[in-house]
Amino acid sequence: QQKVQQSPESLTVSEGAMASLNCTFSDGTSNNFRWYRQHSAKGLEVLVSIFSDGEKEEGRFTAHLNRANLHVSLHIREPQPSDSAVYLCAVRNAGAKLTFGGGTRLTVRP
Amino acid sequence: DPKIIQKPKYLVAVTGSEKILICEQYLGHNAMYWYRQSAKKPLEFMFSYSYQKLMDNQTASSRFQPQSSKKNHLDLQITALKPDDSATYFCASSQDWGSGAEQFFGPGTRLTVL
Chain A
1 QQKVQQSPES
11 LTVSEGAMAS
21 LNCTFSDGTS
31 NNFRWYRQHS
41 AKGLEVLVSI
51 FSDGEKEEGR
61 FTAHLNRANL
71 HVSLHIREPQ
81 PSDSAVYLCA
91 VRNAGAKLTF
101 GGGTRLTVRP
Chain B
1001 DPKIIQKPKY
1011 LVAVTGSEKI
1021 LICEQYLGHN
1031 AMYWYRQSAK
1041 KPLEFMFSYS
1051 YQKLMDNQTA
1061 SSRFQPQSSK
1071 KNHLDLQITA
1081 LKPDDSATYF
1091 CASSQDWGSG
1101 AEQFFGPGTR
1111 LTVL
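In order, the protein sequences belong to chains A and B. Going by our numbering, the first sequence opens with residue 1, and the numbers climb by one from there. Going by our numbering, the second sequence opens with residue 1001, and the numbers climb by one from there.
One chain only, chain A, in its complex shape (with noise of 0.2 Å):
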């Protein structure tokens, strides 16, 4: 059974420097795996997805793949206050199933 753990459980960065988060996941032979953010109270926006080992990028964010390191990160150029959310990453396995981390709680300083 796919497990995916985040890291770190809450990160704070201030205004226009880089932010950083972390995945790992136990089954490597999924091939499908995506970064969402949760602001409070809302639902999960979509911000990358990415399905090749390699970088996939959408705007600001950065998606970093490596399935041998059972790893991907998520990379967040010049963040803004805006962005302060909880992050979730999350991998699809067999059907059509998502399994999510627990999640990383960005704060952004201005």
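Hints are computed from structural coordinates only; laboratory data are not their basis. Remember, it's a predicted structure, so these values are computed and weren't measured experimentally. Just so it is clear, CB atoms sit at the ideal spot from N, CA and C, and this is done for glycine as well. Wrong hints could be hidden among the right ones.
One-sided and incomplete, this derived list gives chain A residues near chain B with beta-carbon spacing under 7 Å [claimed, not checked]: (1) Pro8; (2) Lys42; (3) Gly43; (4) Val46; (5) Gly95; (6) Gly102.
We have chain A; now place chain B onto it with these hints.
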């Protein structure tokens, strides 16, 4: 305009009662899902449907019953409510079920069971 509507936004229930959580999507998608987010636990998959047919059920309890009256509706009936059922329930949808299509999430229904 919101494309995935969940009703109500907040719900308070007493132990032992029954509630129905409503989900409608206006994205023209063929697959719909329910996930649950309990306090201090990761978001957890519950059910998936494709063309109104159950595809996957990861919920052990039969107290949770999805109901699909139309292709763009997937409601969730919860019976004999317990305090442990307190959580935010998210509905999601995707174009298709097995193709790796993006899943889009609704705003959630926050259920509190007293």
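Quick check on the hint: Gly102/A CB to chain B CB, less than 7 Å?
5 Å, holds
Could you check if Pro8/A really has its C-beta closer than 7 Å to a C-beta on chain B?
15 Å, violated
Under 7 Å, Cβ to Cβ, is where Gly95/A needs to be relative to chain B, so tell me if that hint holds or is violated.
5 Å, holds
Tell me if the interface restraint on Val46/A is satisfied: Cβ within less than 7 Å of some Cβ in chain B.
Val46/A check passes; min Cβ-Cβ to chain B is 6 Å, inside 7 Å.
Please check whether Gly43/A passes as an interface residue: C-beta within 7 Å of a C-beta belonging to chain B.
4 Å, holds
How about Lys42/A: closest beta carbon in chain B under 7 Å, or not?
Because about 6 Å separates Lys42/A from the closest Cβ in chain B, which is inside the 7 Å limit, the hint holds.
Hint check: a violation occurs at hint 1 only; the rest are consistent with the structure.
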